[in-house]
Structures are given as C-alpha cells and as structure tokens.
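Colleague: In the order they appear, the protein sequences are chains A, B, C, D and E. Per my numbering, the first sequence runs over residues -1 to 232. Per my numbering, the second sequence runs over residues 218 to 451. Per my numbering, the third sequence runs over residues 551 to 851. Per my numbering, the fourth sequence runs over residues 44 to 1085. Per my numbering, the fifth sequence runs over residues 908 to 1030.
Among these hints, one or two may not hold up.
[Stated by the list, open to error] In silico lysine-lysine, DSS-like type, Cα no more than 27 Å apart, as pairs: (1) A/K81 with D/K197; (2) B/K283 with D/K996; (3) A/K1 with E/K977; (4) B/K274 with B/K434; (5) B/K246 with D/K996; (6) E/K1024 with A/K1; (7) E/K1018 with E/K940; (8) B/K246 with B/K256; (9) D/K197 with B/K434; (10) B/K245 with B/K413; (11) A/K39 with E/K940; (12) A/K151 with D/K147.
No lab work stands behind these hints, which were simulated from the structure alone.
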Amino acid sequence: MLKKIFFLLVLAGFAVMLFNAYGLSGPDQQLNDVAAHYAEKGPQEVGAANLVASVIVTYRGLDTLGEVTILFLAASIIGFFLKARRDNQRAPKQVRKTSEILETAAKVITPVIFLFGIYVFINGHLTPGGGFQGGAIIASGLVLMLLANPVKKINHNIIRVIESISGFSFILLGIFGLLLAGGFLDNAFLPLGDFGTLLSAGAVPLIYIFIGLKVGAELSGIVSNLQETQKEQI
Amino acid sequence: MAQDNNPQHNDEKKIQETREKFLKDYNKKREVESPDGQKIEVEPMKDYFSQQRPQRKDPHKGVIEKFLNWARSESIWVLGFGTGCGSIEIPPLSSPRFDMYRFGVAMRPTPRQSSAMIISGYLSVKTLKRAIRSYEQMMQPKFVMALGSCTINGGMYWDSYNTINRLDHYMPVDVYVAGCMPRPEALLAGFNQLKKRIREGRAEGANQYADHFDWYKANQKKIIKDWNMPDYNW
Amino acid sequence: MDLLTRVLFTLLGLFIILNWGLLMTAIMRKLTARVGKRVGIRWYQPWINLVKLYSNRNSISHGVMFQLGPVFRLLGGVGLVMFMPLIYGSELFTNFSFAGDLVIILYIKFFGMLGMALGAGEGGHPYSAIGVSRGLSQVTTVELPFTLAVIALAVQYNTLSITEIVAAQQGGILNWTLFTNPVATAAALLSMLGIFMHSPFDLHKAPNEIPIGPPTEYHSSYLGILRTNAAILHVIEAVLFMNLFFGGATSWPMLIVKTFLIYFISVFVGVVFPRFRIEQSVRWFLQVPLILGIVAIILIL
Amino acid sequence: MVEPVYIVASGLGIAFLLGLINKAGKNPAGGVMLLALAFMTLVSLQWMSSVVFAGNSPHYTFTAGFQPPFSISLMMGEKEAFFTTLVNLIGLLGGIYLWERFHKQGVNTMIVYLLLFVGLNVVVMTRDLFNLFVFLEISSVAITGLVLLQREHKAITAGFKYLVATGIISGILLIGIIFIYQYGGSLYIDDIIAANLTAVKGGMVAIFLVLIAIALELKPFPANGWALDLYQGAHPGVAALVSGAFASAMVFVLYKLLPIAGGQWQTMFATLGALTFVGSNLLGIKQNQSQRLLGYSSVGQIGLLVMVVGLAQFLGDRLTLIAYGLLISHYLAKAGLFWLAGVLDQDQIRNWAQLRKKPHLLALFGTFIFALVGFPPFPSFFAKWELIMQLSAGSGYVWVGLILLGSLLEAVYLFRWLGYALKLDHQQLPAINIQWHKIIPIVLAGVGLFVLGYLATPIASGTAGINFIPLAFIILIYFLDVLPARVKNIVVIAAMAYYGYLIMPGLEDVRFIFSVIFIIGGILTLLAGFAYKGRRKGFYPAALLMYAGLGQLLTAETMLQFFFAWELMTIGSYILIIRGKNSIRHGYSYMLFSVGGAYLMLAGFGVAYAGSGMADLAAIANITQLAGWAAVLIAIGFMTKTATLGLHIWLPGAHAEAESDVSPMVSAILLKAGVFGLVLLFIHMGGEAASGHPLFYVLGWLGAITALVANLSAVFQEDAKRLLAYSSIGQLGYILFAFAIMTHVGWLAGFTYTLNHFMYKAILFLIVGGIVLRLRTHYMYEMGGLIKRMPYSFIAVLIGIVALAGMPPLSGFAGKWLFYNAGIEKGWYFQGGVIFFSGIIAFLYLYRLIHSIFLGQLKDRHRRVKEISPWFLIPAYTLIMGIMVFSAKPGWILQPIGQAITQYFPSSPLRWQADGTAIGELGYWNGSQVMVIVMGVFILITLWLILLNRKAKKVEQFNIVYAGERPERPETTHISYNIYAGYNKAIGFLATPWISGLWQWIADGFRDLAVQIRRIYNGNGQTYALHLLTYVVVVYLITIGG
Amino acid sequence: MEHISLSQIAIVAGILLILIGLWAIISQRNIIKMIIGFSLFDTGIHIVMVGVGYVRGKTAPVLDEAVNVKEAARQIVDPLPQALVLTAIVIGLGITALMLAYALRLYQKKKTLDVKKFNDLKW
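With these hints in hand, go ahead and build the complete structure from the sequences.
Modeller: This is the structure we're talking about:
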C-alpha cells in the first residue's frame, strides 16, 4: 500500500512536471517560421503535394533514414536473438488447422492488400500516406497469411534480399542527391516534374517505394520471426 | 664399595650402550632441514658441547703464588649448591651470629664465579651428576669442602642403592668437616682449614682432577649408570 | 698543556676514582652489614676480590662479543671519566671535557650498558638475556625524569657545559642547584636511585631469581673488569650528580665527601626497601619522579 | 575532404548490404564490416587532422541541401571530429575484438554492431534535436541487441532492464523535444539556444526534460541500476563499447545541449555528476564481480566528466583539454579493461591473478588501472591536475573535495583489484587462452595511453621541464626483462649512475643533499640485487621508476613537475613493495595512503595555485589567501610518505614484507622523499621567517609522539623487519620534529638525522634482509647465535645500532647533540623530553634486534648457514665507511649543510672552530676528538683484556651454567620471544594499535555504507524504472519546483 | 467551449495516457502488462506531439484542391509534428517488438513473466 502511495506521489510529481511543460496554453494561432517555410517553399523546393511527405523524405530525410534503420535494427536483433534458440530446436508444436473460410478468404484478400499497400506508398507524395503506411499495410497482409496458415514458413531469404536492396537503394539515392544536387537525400537530382502529379517531387516517389518495400519487409520479418518462435515448444 | 660389586660396570662397551640408551631424545643425533632445504646432521653431544679434557694449570712460582694464594684464601666465593641435609646449615652463615663475610667468604649463584663448592651431606647418584657438572664449570683454582659423614664413608646411607659413599672417588676434596650434621661453627672452622690449605699451596684439587681425570671419570661412570653427558662439562 | 700531561692526569684521576670507588663499595657494604648487626666485610675486601678474579688460572670464552662485552662496559665507565670535569677550578682534572658537554655524558653511559648486554647475550645464558631486558626496560623510564631535570638545568644555567654549570653554583651552598632548583634536583635524585640500580631497583640482577642476571657467565678477569667498572661508575655517576646539583667539587676531599653522601642516598634507600618487580619499577618512575620532572620544566617555561 | 555524411552513408549502406554479402560467407561479411568501420574511422581522422590540427573552421553538412532549421544539419567541428574519431576507433578495435563472436552469431550481429556506430556518429555530429533523438534510439536499440552477443540468461535480463530504462528515458526526451518545439518553433539546436526558452516556465521544463533525459542516459547515481546490470551482463566487448563509445558520445551530447539552458543548470549537473562520481565509486568498494566493478567505475568516471562539463565556468579555455584528458584515459583504459575481462573470462576479481600467467597482460592491466586512477604519465593525470588547479583558482574547493573523495574511493577498489591480480595464487586457475584478435585491441589501448599521455603533457601548465627520457628507458628495461637479473642490474646501475652524473652537478644545497640519498643510496641498494639469481621479472622497471621519480623530484621546479615525479615514485615503490611474498595487504594500504596523501597534496597545490596564480613551487611562498590551508594540506600529503603517527599504519607491513633489497630502498631512501617534500615546503613557507607558524608547533608534537609510539611499538615486534620498519617511523618522527623546530640548529639536526637514518637504516635493512634471505624467516625468535656464522653481518649491525642509538662516537650522536641544542634553544622542552624518552626506548628494540638474531643460541637448522651474500655486505660496508667518515669528521658534512641552510636560517648560533669543535648557544662538541678518545680507550682496554684472556678456552654454545643441568634445545634456551614481557605489562598499553583500529573503523564504515546503499539495486527492472522516474521528479522539484 | 480547443483536449488526454502508461510500467509485475504500459506511454506522447502541432481551424498539410498552394501557410496545420510523430511511432514499434521478443525469451528461461523474478543481477 505504502508502495502504491509512493508510486502515486512520483506520478503526481511527473504530472506536475508535464503540465508545467505544457502550460495549458491554447494552440498557436499561426504557424511558426519553420512550418511556414515548409508550407510556402515546400512546393517549389520539393514539389510534393503532401507536405508531410516532403518533410519526411527530404527536409528531414535523415530522420526517416534513421527510422528505417531502427526497424531494420529491431528486425536484425529479433532475427539473431530468436534464431539462435531455434537452430537447435525440437520439433515445432502442432497447431490446430485454421478454418477453410479463413484460408480461402486470405488467399483472395492478401494480393489486394499488397496492391493497396503499393498504391499507398507510390502515391505517398500526393495523398496522405507514404512509405511507412504502405509498408505497414503490406506487412498486415503477411500477418493475415500467417494467421490463416500458421504452419507456413516465410522465406526469409526473399525478405532479406528485399530489405538489403531497398535499404541500399535508399542510401544510393541519398548519395545521388549529394553528388548531383544540394545535399544528402536531396530529391532534386531528378526533375521535380509537375506539381501534384505522380511523377513529380523528384526522387520522393522512388524513395517512398524503397521505404515502403523496406518497411514491409522488415515488419514482415519481425512478425514472422515472432510467430515462428511462438511455434516453438516452450 | 657398593659400586664395585657389579662386574658389568667394568665393561666399557656396556657403558657405551647404556649411554646410548639413556641419551635423551633431544640429545640424540638428528637430521634437520637447513633453511635452503638441505638436510644437515646435528649431533648435540658433539656440536653443542666442548669435547676437550681439562688441563692442568700450573701455579706461579714463589712469592707471587703466595700472594695470590693469600688473596684466594681471603676471598672464597662459595657456590650456592645444596645437596643433602647439610644445606640447611649454610644459610645461617650469613646471619649476624656467624657472619661469614668477615672472613672473606661469600655466596655466589653461579659456578663460573665461584671458587669453592660445599657438598653438604649425602650425595645421591642423581645429584652427583649435577655436582660434577657444577664442579667442572668452576674456574681454577677451585676448592671442595665436604660436610658430614655421608661424604666421608656414606654414613647412615652407606648401603643405600643410590647414594655414593666416598666423595673423593669422584672429585678431589680439600676439606672434610665431620659431624652429622656439622653446625655452622664447624663450617667456619672448615673454612679456616681451607684457607690454611690454600695459603700453603696444598689446595690444588683442580690440577689433581685434571691429572687423574681418567680415574675420576671411570669412577663416576661406574656409579652413574645413565651416563649421558660429555666427559667434561666446560 | 700538552697531551701527555693531560693523559697522565686523567689516568691519575681515574686511579683515584677507582680506588675510592672500591673503598666506597666496601664502606657501604660495611654500613649495610651494620644495619643487619653484622660485622661485614673488611675494608680491603674489594681489592682482594679483584686480585683473586684477575688471578684465576683459566677462563673460557663464548665468542668475540663475549670478550668485548666487558671492554665496552669499562669503556662506558672510563668514557664517563674522560669527559667529566672532576675538580672545579683545576685545569688538570677537567680531563677531556673540552671535547663534549653534558649531552655526551648522557649518551656515553649507554655504551657500557650496551656492552654488557651484548656480551651477556653472546654468553647464551637465558638469565643473562632476561636480566638485560629488565635492566634496559627500567633504564628507559629512569632516564626520563633525569633528562627533564637536565633540560631544566640547561635552561636555568643556559648552558650544557658541565664546567659552566658547576661554575654557576660556586659561591656558597645556597647557589647549589639543590636550592636554586629543588624540584629538578628532586626529580634527578629519584632517578638516581634507578641509575645506581640498588635495591629496590636491582631487578636486572635479582640474585635469587635469575642468579645475577647479565654477568651469569662472566668470571675471572672478565668479572674483574666488570667489578673495576662498577667501582668507577658508582663514583663517576655520583660525580655527575655532584656537578649538576651539589655545587661540584673544588678539591679531591670535597669530591670524596660529596660522592659518598650522594651514593649513600641510594644505599640508604636500598637497605630499607625490598626489590620491585619490573612493571612496578617502570611505572614507579613514571609517577612521582616524572611528575617532578614535568613540574621542573613547567617552572622554567 | 570526404563529406562527413559519408560516415553515415557508408555505415548504413554497408549495414543494409551485409545481409546480401553474407551470401558469400561470413568472412567477407565481417571483412566488409570492418572495412566500413575503417573507412568511418579514416574519415573522422581526416577531419580531425583538418579541423583540430590544421585549424580549419568547422564544416557543416546540410542534408537535402537546405539551410537549417528547415533541414537537418550535421556539424564537423573540432570536438565532433574528436568524438567521432573516438567512437569510430573503438568501433574498429572492438570489431576486431568481437570478430569471433560475430562469426558465431551470424551476420545480423554485424549489422547491429555497425548501426551502433552509425547512430553514435550522427548523435555526435547532428545539430538537430529530433535527429539526435532518432539516432540515440538507434544506438540504444543496437546496444540492446549487442548485449545478446553473450547468450546467457543474465545478458537477457540485463538487456531487458536496459530496454525498459531506455524506453522511459526516450519517452522523457521525446516529450521534452516536442515541448521545446512548441515553445521554440524549431528543432535546430542553435535556434533553440538563441530562443532562450528558459524565460518561459514551460520552456524551462521542456529543456529540463531534454537535459535530464540526456543525464539519465549518462547513468547517474542512484538511478543507474540498469546500467550496472548491463555492464555486468553484457559481453565484455560490448560493455567496452557502452563504456567507451556510447558514454563518450553522451557526454558530448550533454555538452552540446547544455547551452540551451542558457547556463542555468550547470551547477545542477555538476552536482549530479559529483553525486554519481562519489556514490558510484563508494559502491564499487564492495564489489567483487569484475565486470560490474568496471561498470561502477565507468559510471563514476562518466559522472566525473559530467561534473567537468557542468563546471565549465570554472575551467575556462582549459575545459576541452581537461575533458579530453579524462575522457581519453577513461575511454582507453575502460575499453582495455573490459576487453581484458573478456580474455580472462573470470567473473570474480580474485581470479584475475590468472593474469600472472601472461605477465605482459598483467602489465597492460596495471597500465589501465594506473591510467584510470590518474597516475602519470597518462593523460588523466595531467587532466586531473589541471582540473584541480582551475577549480581551486575559481575557489571551487567543495568540488575539489568531492573529486578527490571520489577518486580516492575509486582507487580503493581498483588497487584492491590490482593487488589481487598481482599477488593472489594463480596456480589453480586455468591458463589464458590467447586469441590474437582479442589481444591486439588491448595492446593498442595500452600503447595509446602511453602515447597520448606523452602528447597530453601540454594540457597542464608547468609541464615544460618534465623529462620523459627516464620513462622511455624504463619501458626499454621492461622489454629487456628477459635478460638475467645480473645483466639488468648492471644496466640499471649504469643508468642510475649516468642519471646522477647528469643531474647531480646541477643541484644545489638542499636538493644536493637529498640527491646523495636518492641517487647514491639508490645505486648502493641496487648493488644488493646481484644477490638474486634468475630474472626477477618486473623488479627493475619498478625500481627504476621509483628512482626516476625520486630523481625528478630533485629537479622539479614547478608544482606539476613535483607532483608528476611524486606519483611516478609512488607507482614504482608500490610495485616494489607489493612484490614481497605476503605484501598484498600492505602494498594495498601503502597505495591507499599514498593516493590519499597525494590527493591532499594536490588539493594543497590547488590552494597554492589559487592563492598565488603561479605554477612554480615558489607559489607556496606567495600565497595570498588560505596560505595556512595550503601548507597543512601539502604537509599532510608529505606526512603520509614519512609515515607520521596516524598515517603510519601502512609502513610496518609494507617495509617488513618487501623483498630483502627493497626494504632498504623503501625505508632508507623512499621515506626521505617525504622529508624532502617537507623541507621544500618549509623553505617555501619562508624558512626562518615562518618559524612562528602554529603548524610547526603541531608538527613538532606530532613528530615527538610519533617517535615515542613507533619506538614503543618496535619494542614489541617479533618480526625483525617489522621492528626496523617501526624504527623507521620513529626516526622519521625525530626528523619531522627537527625540521619543525625551524631554526638553524634544528634543521642541521634534521639533515644530520636524515643522512644518518639513510645510512644506518640502509645498513640494518640490508643486513637483516640478507639474513632473511638466508634463513627464510622474519621472526627473530627463530634466529639466534648467528654471530658465529655471520660475523661480518654482526659487525655491520653493531655499528648500525650504535649509530642509531646515538651513542658517541658514531655519527648518530651528532644528531642527538644538535637536537638538545635546538630543542632547548627553541624552548620545546616537553617535546625534547619525549624525543629523548623515545631515544632510550630505541635501545630496547635495538638490543632485541642484535641479541635475538646474532647472540644467544644458534639453532639446529642454522648450524651450516653461510654468511649473507657479499652483495648485501658490500653496500652495507660502503655505508659504514660513510658513517665512520661522518663520525670522525662531522664538520666535513655539517659545515657545508650549515652553509646551505644559512640562506633560509641566517641567524645561526652555531660556530665551528678550527679544530672542529662545534660551539652552540648552549653546549659544545668535537666529534673528532670524541672519536679519538673513545677509540683510544677502547683499544687500550681491549689490549688489556686480550693480555689477560689470551688463553681463554673456546667453548661451545651449550657450555653454560645451567644450575647443574644442561640446556635441552637451542629453541628453549634462547630468550627472544616476548622478551620485553614485563615492559609490555608496564607501559605496553601505550603501543596499543588504536590508530589502526580507527582506520579500520573508517574503512568498515565506508564498506557498510556501500553495503546499505547498494541494496537499492535490487535487480528488478521495474524498480529501476521507478528509480528513473523518481530521480527525474526529485531533480525537477529541487531545480524548478512546483 | 470557446476556450477549450481540440489540442488542449488532445494534450491533456495524452498526458493522462502517459501517466497511465507509467503507472502500468512501475506497478504491474507482469512483463506483458509493462509492455502494454510502454505502448500507452508512447501513444500518449504521440498524441501530445500531434496536439502540439495543431493550429485551430486549419486543415491537413496536403496541398490538394482544398488548400491553395499560395495560401498554404495560412490554411494548414503544422506538418512537422506530424512527420515527427510518424518517426516516433515507428521507433516505438521497433522497441515494442524488441520488448516482446525479450519477453518471449525471458518467459522461456523461467516460465514466468513476473518481472521480480528476473533479478539475477543485482548489487
């Protein structure tokens, strides 16, 4: 009990701190300089209709790279963390077969989900959405597959190749930006094209494609790794 | 004499054997490890005790010796060594009634510093050993005064299994004081007798002991069955 | 004054002191005997003893240090004589005191002790070592009040030179340190009981307990040397106290009288008291004498 | 110039590709990874050479080609270049180290490894707050992964706790960042600094959140249980990275971000750092698990760095150099230690004795330990020096105190550990499995410490005169260690002689006197080394190190040079002392007292520097404020070396258990270093002018009581060398007393004692040491009667003790005479009385020494024992010659000394007559005449006795009177054990070791405190999370409140 | 309701979520519940982030028919927090995945999810 009171006291202190930080002030009535710059200059500089995408892919491209990297990192860690045990594993646990309906539906829906995911990241610079969202959608397709058929083995090699190539391409595009345009990850080494069309915003769509593929592959890898480990006899 | 009755005493070889037999453990030959790890032999009877025989010390000639003998006679330092019942007669000598100091007689606690020894009564074989040792450790010239009939002929102990009968078989005696026991007055008389002998140059017991060393030793070894000490105690 | 004269006069002084020491020993023994209603030794007994000891026909040796022990011991006594001015006002009997002051006297004493201790040690006799350890233990605390008194004196007279200390006490009995600085004198005199090692402070010898302590193995001429030294030492230590506290001596008779009286103090105490145990003795000197010494220092602060 | 962004690009690109490369096999993959790391290292090195050394202006990289704040920018300035180099270098070395692990665990581990360094590089370089967050997360996550390289349960739990902790920390950081964005409208750090957010309360809290998150990443005590578990649970190779790379980068981040608070919370961070430094090191003293101990040390060191960053306002332009010095020592040493832990694979620090199977690894271990504690010639030494100086100059004495306390606590466990490694039994332990890929990084770290130490010299002011040639020579000797001892001995003696030839002519007065002791004494004691056979591994470098230190003490002009030399000497002597058979405890306590003393001295120098603004030793003379404190601190520092009462408990064991030829070195020579220090201090305090200072009164009493208690303790020792050791304490008490008198005569007495003590104590220790070597025992009651077997030793000891006792005519008396004159002249009667009393007590132990060893009964075992080695006798007899010369012609030595000290003590009451008589205010004394008289009398009496006893019969040892009986055994006849029982009964209570008890109490107190405090680390990840939150809340409430 | 804006509600809710998450982290002994706590904690932070970027009455920062490119600065909310939150979500996802993997292994070691049981390393 005393312990709980202490927890509450600590949390109360924390709450005080957070509310002090926020100050309960109302929202700004206008954008700050940085945001205003994105809003005003973004279309010319990056050429992406989705300003968030221009921020993500170009202005703060390095963050995005890092973010992809973290997923990649998590996937790698889970890969070797969970694998080592699996290498000398006993026979997989017998799992109940899933229902016919689920299996069939999954077979039908999964390609559609993949297609939708690809749509989302290809159009990422124009509409809400982007590489991450697309990648996540693709991974959700994979989850569906796994749920429908738990004994199915995912081919990790394919995932790995996709991961590697897309990641490396991302870096290459960034370096092209450095070599051919203003700086690392500058999308302007390709023509910006017409604002608001699919082939606009320079390298942004390309990058988004790679991000989408990579995120999709990484999430799939994580999920399948976790799922496979779960299948182990515990 | 009692000690001559047993023929086995005459056998030198037997004496050697008894000596080995009665040697205490700590006086037996032993092997010890030196600090650097070597084994070395220690033979206490040889290594720790001088093996040399006593030597005759000739007196000076003429008036010098006379003067020195006078000095010796006026400064008789007696070893405080009580043997038999007579030792109770010695302490009164330093009391006001008898006051031996006025005759230049004094007690010394150590044989090294003493010039006279009083065998005060019967001498058991065990004590004889100690008496001989102490006598031999005194410096020359040295004098022996024997009290009571026990030292003369064994007295009431003449047929005892463990006392000696005649002291002068074992060490040269300068003065016998008769009585059983002699009173302190008799001792004082004895001292005067001793002084006279010294002044006359007749108290050469130490030289006599040295001259007839083998005879004395043979006698001693005959009576002391557990002879386990060097022949002469320096 | 050339060296030879000085050496000869020093030897003369030494000779006088030796004989006076022997005589004084005899007189004291005699006095002690009279206390016990005895006749006691004859006055010439010490000389006879010496002759006898030196004339013993043989001697043994436990080793080089055993032989050097008495040498060191005598060196201590003779050394004291060497550096001690004997007669105030007499250039001849200041000996070699020009080479060093009171400090050297304080330290050369230890030479004798060390020699005795070493020689006795090599003798290999356990009682010797026990006696030495007792004697040394006692000396440590004996010297403490004495040193404090000496410091008090040095400050009082602003010198460490014995001759000057004596000079400062000339001109009447009231100029003696005994009267000008009674506390320091008291401390020093109590220490003196220990320095002379008479009963109750003769525990290094303890005749009935550890036969006679350090010199157990000594005999013949070794013992002769030790006895010679004892005679010298008694007198010369008394001379030291005489010089420091009792106005020194301007002539031999005065020296003889004063040393006799000083030495008598310790004999007097010795006759009255039995022997201390070692820890009693050590602690005793840390009580009254030490307090007196401290008071003496406080007085000069 | 290669764009810094290529560091990121290459690292990430290769990391992404590794999965593909792995198809070609693990070796190519590992090779490519190392190549990538090498490339990253090269780039950062190249920038370092460009920015740091060539002095180019910093380089900015704008990603996507837009100006900040609109895009993320990276900066490659001086500090960034330095830190990225550090990070990448350790990455490369660590990669090599972990090579085999990577092989075993597969390509994913390599990816994770590489990404860790990408993350850290960006963290260092980025100027964008959110970017910092992202790449910090990369680094943290990578560490969470790398922890699992060690596939053990403990690694998994540690990783989980770390994950929980970093989860909370990153959350706090993120909240802070977003609120900063809210109030500042930018994520560009420069903008945020310019915006001065602290004006608004919310902004202030936001900044607080960011900074406290960074602080938490630095593992502040006590909210750092997770970090310790990480250090313990992780693979050593990974722990090295966490400690070396991650923590370094974090310190830099803190430095980078601190300005956003506008200098408000510097003190707070300094306090947190200090708390961490002291607290963590306190807990370390109870730790026995090697990696966890290293963890405590790491945390502590980082705390110190945080403190340095927080105290930037004190340090001014020296900040970078100080921080670099501390950081780089920590970085190399800690990495090296963690790597070593991996090589050994021994959990318990007791088992590190295993290192002795590979002496070179042991040498590296020692290097790391000394570097961590801050000994010269490593960078941390200079950094710590400068840190203390600058802090003192800014009157930050509280900080100085905290730093020194923490450092001392750190020394406590590090030297315990080193002692274990050096001394505990290693026979039972398995052999070390040498894998070159693991050894190479360790060696490089060790070499790096030396090189950087040399390069770091300019950090501190007043280093100009430090001579590194002796050190280089010592390293050479270290590599010549395979030669036989005799050859090395010759080389070392030649080196010493040459060194003496170089420096001695340039020295004057006081320094020259001590140079005689240090250099000539050194050569003489080294002669005894010829008695040893075999190789004597490790002896010569240590001995030479000590003598190099002593020599440099003599030539030191500035405080730093002095301190440098002092610490060198300490290292050398520590190794020498701990070489003794049972020296583990004694070496340890020696080191602790030395370190403690050195820190006090350091503080004192700091005060002096602050008070005078000078780096010269002469600063002490010119202190304008707190002069008394400086003097007291420095004096106490020196008194640890002279083993003054209260600080002496290390000495008896250290000197007694040391090797036979080391004891004279440390006792006769090393102790004089403390005396030398005191002499210099007193001179600089003004000589005669300062004699009224109350310090000297205290020191006088202290010296007197030291002499009394130590001599009394010596009396009751059974161990010959311990007896001599106590005697040394006592003699040093005399010396302290004499110098504290602060008059001409007093100082003359002091120098006489110093020289004499050097001579006779060297003689005694040499001879006793030689005997111990022959008899293999220290105990006097096991000896006896050796005069028959070792006559030359006996004579030497006899002369030694006569001199020591101060009996005329030998030289010791000169000291006594001067003492009396000086003491009475000064008016110190009581102290003088105490000194005299202890002088007589000295007889007791001297007699015990000579009697128990040489006289009495020879033992069975020793009947064939030989005279001690001539190599012990030669130096001893050389010194006896010295004593004889001093005794016969004291004026030859005392007059020049008198002249030398006249400049400090002009009013001298002492006059010297033509015939050699010294006339003081009170007394007079002519050493030559006394000598002639005493010798004359002695010879005459001897001749007389020989005449009388020429025919004395030589008898054997049992031919003693024994009340009609015979002795049984020599053992029962030799009176030695507890020989002064009666004395003990009388006043033995004065020698009760209550000071040891006091120190024991203090030590126990600290240990118990550590035991109690560390219970908060209950091993529960949840509790650690609570700690983090509580820590944040508490610090928040304290700094901002409500 | 004039004075309370959407962002205030969001941020206060976010902060509450943060506190709830922390409560779970420090008081729930089940590791899975702790991980849920972390998710809540992260989510709370994300909500706060989005709330901070909100500007009253503005629209999403996508320049389509609804938003005039010229007038963009006055018509859209701040795009930056949205970009940041995206990154933060992904990071949170990675960490959550990692935690789950850890939980799995920890459970395999000791057959329990009680966090108290994993105190092999301490002091």
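Colleague: For each hint, tell me whether it holds in the structure or not.
Modeller: For each hint, the structure was consulted:
1. A/K81 with D/K197: OK: A/K81 and D/K197 at ~18 Å, within 27 Å.
2. B/K283 with D/K996: At roughly 25 Å apart (the allowed maximum being 27 Å), D/K996 and B/K283 satisfy the hint.
3. A/K1 with E/K977: Cα-Cα ~58 Å, so violated.
4. B/K274 with B/K434: Since the Cα atoms of B/K274 and B/K434 sit roughly 19 Å apart, the hinted pair holds (cutoff 27 Å).
5. B/K246 with D/K996: holds (25 Å)
6. E/K1024 with A/K1: holds (18 Å)
7. E/K1018 with E/K940: OK: E/K1018 and E/K940 at ~16 Å, within 27 Å.
8. B/K246 with B/K256: holds (13 Å)
9. D/K197 with B/K434: With a Cα-Cα distance of about 87 Å, the restraint between D/K197 and B/K434 is violated, given a limit of 27 Å.
10. B/K245 with B/K413: violated (46 Å)
11. A/K39 with E/K940: Not satisfied, since the Cα-Cα distance of roughly 46 Å exceeds 27 Å.
12. A/K151 with D/K147: holds (24 Å)
Comparing the model with each numbered hint stated earlier shows that hints 3, 9, 10, 11 do not hold.
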